[in-house]
Amino acid sequence: MDNITIQGQDFPPGSSGMVRINAGRLPSGNRISIFTYIFRSKNPGPTALILGGMHGDEINGVEIVSRTISDNFFGNLSSGSVIVIPLLNIFGFINYSRDVPDGKDVNRSFPGNMNGSLASRVARMITKKILPLIDFGIDFHTGAKDHWNYPQIRYSPKFLPSKELALKCKYDLLVEKSVLSKSFRKIAKDYKKPIIIFEGGEALRLDPFVIDKGLKIIKNLLSSYSMISNVPIQAQKCKIYQKTVWQRAPDSGICSYHRMSGEYVKKGELLALIHDPFAQREIKMLATRDAFILGHNNASVVNSGDGMFHLAYEEEIIQYA
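Counting in the numbering used here, the sequence shown runs from 1 upward without gaps.
In case anyone wonders, no lab produced these hints; they're calculated from the structure. Please note that the accuracy of each hint is not assured.
To be verified - Using 35 Å as the maximum straight-line C-alpha spacing, the simulated DSBU-like pairs for lysine-lysine come out as follows: (1) K243 with K168; (2) K168 with K237; (3) K216 with K237; (4) K216 with K182; (5) K239 with K284; (6) K177 with K163; (7) K182 with K243; (8) K239 with K182; (9) K192 with K163; (10) K243 with K266; (11) K129 with K163; (12) K239 with K216; (13) K219 with K243; (14) K192 with K216; (15) K163 with K104; (16) K182 with K104; (17) K189 with K177; (18) K145 with K237; (19) K189 with K168; (20) K192 with K158; (21) K266 with K145; (22) K145 with K239; (23) K237 with K163; (24) K104 with K158; (25) K189 with K237; (26) K129 with K168; (27) K182 with K237; (28) K243 with K216; (29) K216 with K266; (30) K163 with K182; (31) K168 with K266; (32) K128 with K158; (33) K266 with K237; (34) K163 with K243; (35) K177 with K158; (36) K216 with K145; (37) K177 with K128; (38) K267 with K284; (39) K129 with K216.
Working from the sequences, and respecting the hints, build out all of it.
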C-alpha cells in the first residue's frame, strides 16, 4: 500500500489525521480552510470519499458527515482508507447560501480552474487533490429551501459502477438520475470513479430522521466493502425509480398540503388545496399519475408553476441477497 499524500502531508497505512486545505480568504482577511480527514487501515482495500456541504445551506449533509468524525466511525477500519470532508463550501455555509458569494454553484463548476471564479477554484481543489486518490464516494445533499426530500440514493443509470455502488448501500429507495454537465458526478464519471448522491431533508433545517438514514447508509456501504464490521439493520429489498417528474402548482395562493414525501398516491388523489387570501376561489391539486412522492414543497404561499410534488414512477424491485 502506498502513502496517501494531501497538501504535502503523507499518510502511510495505519495512520490517520487531518489536513486543512487552503480555500482562500474572506474580505476581512481571515483565511478559509477545508478540513479534510484521512483514516487508513493497515490492510489494503479501496479508498472512499465521504463528502458533505457541496452546497453551503444543505446542513443535513454537513451534520451526517460531521457525526462520522465525532462518533469515531472510522477509528478501527478493517481495510482500505476513508477521506472525509464534512463541509466543502464554507463560503456558502457562512452566508446561509447554497452558492458561493458570487452566486455561482460549486456543483456546476467542475472540473474547475484555479484562475477562475471562486466556485471554480473550490471545484478544482477537489478535482486535483482528492479525486485522483479515491475509488468511489458518496456526496450528501438535501432539498432546496422549503423543499423536503424523502431520504434517497441517486445514481447514474448509464454508468454501471454507479448502480453497483448504490446497491451496496443496502437501502430501500434508489433513484436513477443522469449526471449533469460540470457536476462532481460528471467529472468523477470521466475519471471512471462512481459517486452516488444521498438526498434527504431540506436546506437550513436539521432533521434527525434524515441524519439517521444517512449514517446507516455510510455504515452499510463500508461494510459491503469489508472496511468496517459495525453494521445496522439492512433493507431486504429496494425499489429503483427510473423516472421522475415535478407536479407544479396550477394556481397561486395559500396552500394546504394533504400528502407528503414518502407516500404513494394514485392518479386523481388529492395532493393539496390552493386558495386565494380573500376566500374567492379554491383549486384542488390532484395527482396526475400513480407515483411515489420523493419530495414536496413546504411553502405556505405558492405561485403558479412552483414545483410542489416530486413524483417517481416506473419502479424496479430488487431483492438483496
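Within a Cα-Cα threshold of 35 Å, do K219 and K243 meet the stated pairing?
-> Measuring from Cα to Cα gives roughly 28 Å; hence the hint holds.
K216 paired with K145 [C-alpha distance capped at 35 Å] = Answer holds: K216 to K145 is near 25 Å, not above 35 Å.
Pair hint outcome, K145 versus K239 [Cα-Cα no greater than 35 Å] | holds, 27 Å
Are the Cα atoms of K237 and K163 separated by 35 Å or less?
-> holds, 15 Å
Does K239 pair with K182 here, judged by a C-alpha cut-off of 35 Å?
-> holds, 28 Å
Between K129 and K216, does the CA-CA distance stay at or below 35 Å?
-> With a Cα-Cα distance of about 28 Å, the restraint between K129 and K216 holds, given a limit of 35 Å.
Could you grab the alpha-carbon distance between K177 and K163 and see if it respects the 35 Å cut-off?
-> The hint holds at about 11 Å.
Would the pair K216 and K266 pass a check requiring their Cα atoms to be no farther apart than 35 Å?
-> Holds, because 31 Å separates the two Cα atoms, which is no more than 35 Å.
Satisfaction of hint between K168 and K243, Cα-Cα up to 35 Å | holds, 21 Å
Compare the distance between the alpha carbons of K163 and K104 with 35 Å, and conclude whether the hinted pair is satisfied.
-> holds, 29 Å
Within a Cα-Cα threshold of 35 Å, do K189 and K177 meet the stated pairing?
-> holds, 13 Å
Starting from K243, check that the Cα of K216 is at most 35 Å away, please.
-> Measuring from Cα to Cα gives roughly 26 Å; hence the hint holds.
Violation of the numbered hints given earlier is absent; every hint is satisfied by the structure.
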